[in-house]
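*Asks:* Given the sequences, and given the hints that come with them, work out the whole structure.
As they're listed, the protein sequences go chains A and B. Using UniProt numbering, the first residue of the first sequence is number 1, and each one after it goes up by one. Using UniProt numbering, the first residue of the second sequence is number 1, and each one after it goes up by one.
Worth double-checking, as some hints may not be accurate.
[What the hints assert, rightly or not] Computed spacing ranges between beta-carbons, pair by pair:
hint, chain 1, residue 1, chain 2, residue 2, range
1, B, A68, A, A145, 29 to 37 Å
2, A, S14, B, R140, 38 to 46 Å
3, A, L144, B, L144, 39 to 47 Å
Hints were generated in silico from the structure; no laboratory data involved. The beta carbon of each residue, even a glycine, is placed where N, CA and C say it ideally should be.
2 protein chains.
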Amino acid sequence: MREVFHQSLEDVQSRLVEIAELVTIAMDKASTAFEKSNVALAEEVIEADIIIDEKAVALDELAIEILARQQPVARDLRIVVSALRMSASLERMGDIAEHVAQLVRMRFPERVVPHGLKATFTKMGELDVAAARTLTELLRSEDLALAEEIREIDDQIDALHVSVFEKVLSDSWDHEASATVDATLASRFHERFGDHAVSVAKKVVYLATGDWATHDQEIDTTGVADD
Amino acid sequence: MREVFHQSLEDVQSRLVEIAELVTIAMDKASTAFEKSNVALAEEVIEADIIIDEKAVALDELAIEILARQQPVARDLRIVVSALRMSASLERMGDIAEHVAQLVRMRFPERVVPHGLKATFTKMGELDVAAARTLTELLRSEDLALAEEIREIDDQIDALHVSVFEKVLSDSWDHEASATVDATLASRFHERFGDHAVSVAKKVVYLATGDWATHDQEIDTTGVADD
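*Replies:* Dropping the structure here:
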C-alpha cells in the first residue's frame with residue numbers, strides 16, 4: 001500500500017512538472033508575441049491553454065482518486081491537498097499567459113504598449129519565464145534553494161510593476177487612454193504570474209519543512225498581496 | 001461515524017456561510033467607501049480582511065482534519081475537497097474587496113474615479129454585494145435557483161465592465177492617466193469578484209447534481225475567462 005502511494009505521488013509530481021513546463025512555454029511565447037506584436041504566436045498561446053486546463057483537471061481527478069483509494073493521513077494527506085492547490089495556481093499562470101496573448105490579439109496590428117515601456121515589458125516577460133522555468137525545476141528536483149531564487153525573481157518583477165505605474169502617471173506620459181489601459185493590465189498580469197510562482201514555490205517549501213500553519217498563512221498573505 | 005461526518009459537514013457549511021457573510025459586508029463597505037471616498041471606511045475593510053483570511057485557513061484545516069479522521073469517499077470526499085476550493089474563492093473575494101478599499105485610500109482625498117463613471121461603479125458595487133449576499137443564501141439554503149440568480153447578476157456586472165472600457169477608450173474621455181489606471185483596475189476588481197461568486201455557486205450546484213467532470217471543467221473555464 002505504501003509502495004502504491006509512493007508511486008501515486010511520483011505520478012502527481014511528474015504531472016505538476018509537466019504542467020509547469022507547458023506554462024513556461026506559454027509565457028515564453030506570449031512574451032515574444034507581446035514584444036513583436038506576433039498575432040500568430042498569440043493565437044498559439046490562446047489555443048494551447050485548453051491543454052493546460054485539461055491537464056490540471058486530470059491532476060485534480062488523480063489527487064481525488066488517491067484520497068479516496070489510499071486515504072493518506074498526516075504529511076501524505078498534506079502533499080495530496082497541496083497538489084490540488086498547486087494545480088490551481090499553475091492553471092491560473094496559464095490563464096495569465098493567455099491574457100497577455102489576448103492583449104496582443106486585441107490590439108493587432110498595433111503594438112500593445114508604446115515604445116517607452118517596451119524594454120520594461122520585455123524584461124518583465126523574461127523574468128516571468130525565468131520564474132516559471134525555475135518553478136518547474138523546483139517541482140522536479142525539490143531543491144529548496146530554487147524557491148528563494150523564485151522569490152528574488154518575483155521581487156524584480158514587482159519593482160518593474162511599480163516602475164510601470166510611475167511611468168504611466170508621470171508628466172512625460174502623453175499616450176492615449178488605450179495605451180494606459182493596456183500597460184495597466186499587462187503589468188498586472190506579469191506581476192500576478194510571478195506571485196503565483198512564489199505561491200506554488202512556498203507550498204513546495206512548506207511541504208518539505210512541514211510548517212503547515214505558516215504554509216497556509218503565507219498563502220493567504222500572498223493572496224492578499226497579489227490579488 | 002456517519003453521524004460524526006454529517007455533523008462535520010454542517011460545521012463546514014456554517015463556516016462557509018460565515019465567511020461569505022463577512023465577504024458581503026467587506027464589499028458593501030468597500031463600495032460605499034469607493035463611492036463616498038470614505039477613507040475611514042476603507043481602512044476598516046483593509047483591517048478586517050485578516051479575519052476572513054484566518055477563517056479561511058481554519059476552514060481548510062478543518063477540511064483536512066475531516067479527510068484524515070473520517071476518510072470520506074465518493075460524494076462525501078467531493079464535498080470536502082470542494083469546501084477547500086470554495087474557501088479559497090471566498091478568501092479571494094475578500095482580497096478583492098480589500099483592493100477596492102486600497103484604491104480609495106491611495107487616492108484619498110481625491111475620488112478614485114471621475115464623475116462620468118461614478119454611477120457605473122456605484123451600480124457595479126451594488127451588484128457585487130448582491131452576488132455575495134445571494135451566494136451566502138445559496139450556501140445556507142442550497143436552493144439551487146439562487147445559483148442562476150448569481151449568474152444573471154454576474155452578466156450585469158460583466159456588461160458594466162465592458163461599458164467602463166468603452167467609456168475610457170471613447171473620444172469623450174479626457175481625464176488624466178491616473179483616472180484611466182484607477183478605472184481599469186477598479187472595473188477589473190468588480191468583475192472578478194462576480195466571477196468568483198459564480199465559481200463558488202457552480203461548485204454548490206455540481207455538488208448537488210454530481211456532475212464532477214463538468215464541475216471541474218466549468219471551474220477551469222471560469223478561470224480562463226476571469227483571470
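*Asks:* Each hint: holds or not?
*Replies:* Taking the hints in turn, this is what the structure says about them:
no.	hint	in the structure
1	B:A68 <-> A:A145: 29 to 37 Å	31 Å, holds
2	A:S14 <-> B:R140: 38 to 46 Å	41 Å, holds
3	A:L144 <-> B:L144: 39 to 47 Å	45 Å, holds
Going down the numbered hints, you'll see the structure goes against none, and every one checks out.
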